[in-house]
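All chains, full assembly: derive it from the sequences and hints.
Sequence order for the protein chains is A and B. Quick note on my numbering: the first sequence kicks off at 1 and runs consecutively. Quick note on my numbering: the second sequence kicks off at 1 and runs consecutively.
Since the hints were derived computationally from the structure, they do not count as laboratory data. Only true hints are included.
Below are the DSS-like pairs computed for lysine-lysine, each with C-alpha atoms no more than 27 Å apart in a straight line:
1) Lys117(B) - Lys129(B)
2) Lys2(A) - Lys129(B)
3) Lys27(A) - Lys77(B)
4) Lys50(B) - Lys116(B)
5) Lys2(A) - Lys41(B)
6) Lys129(B) - Lys50(B)
7) Lys117(B) - Lys50(B)
8) Lys129(B) - Lys116(B)
9) Lys41(B) - Lys129(B)
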Amino acid sequence: MKNPLDSLWGTVISGLVLTLILYNVVKYALQ
Amino acid sequence: MMDFIQLGIGRWLHIAAGVMWIGLLYYFNFVQVPALAEAGKDGTGAGITKHVAPRALFWFRWAAVVTWLAGAMLLGKSFFGAFFFQNTALYAIGVGAWLGTIMLFNVWVLIWPNQKKILGFVQATDEEKGRARRVAFLASRTNTMLSIPMLFFMAAAGHQGVFFG
Chain A
1 MKNPLDSLWG TVISGLVLTL ILYNVVKYAL Q
Chain B
1 MMDFIQLGIG RWLHIAAGVM WIGLLYYFNF VQVPALAEAG KDGTGAGITK HVAPRALFWF
61 RWAAVVTWLA GAMLLGKSFF GAFFFQNTAL YAIGVGAWLG TIMLFNVWVL IWPNQKKILG
121 FVQATDEEKG RARRVAFLAS RTNTMLSIPM LFFMAAAGHQ GVFFG
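What follows is the structure, encoded as structure tokens:
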């Protein structure tokens, strides 16, 4: 599999996905 | 007066240095790396690597230090509470602080030592330079990726009610 960080858009999309994951972790922890 | 210095001046400094750090990170990833790939084709990359990259790297790595120190000053007594998630009010800033700290580590432990080899500030064989180029590139891309949630959680820090309901 190609490393998403080799592409600029792959990097940005990975960052957005990580944001979504961490957002849900924190939201769950705050409930 | 102490609050003004710690929370007022500290926040101002944190944001200003952070803009320089992340601005230069985005410059490297969105501008310099693609530009050097193009310049490699017609042999015009030396101007960038000789005159631009060293200066950009200087301000980049020291802005990262100032950003982190100003952030630590801002946290003050909440420093350990944020890093160890001891209080729900500190959850967002805790995540942001961890991401920023990992990014600072990447700058000083992975990016800068390898850039010194790439730019010829320290001796390295061609094989070592090739490996250094890959490590520095991936660390820089990792920081670009981490900057997206880091900025989200920094923005959310003072507004947890708005961001997390």
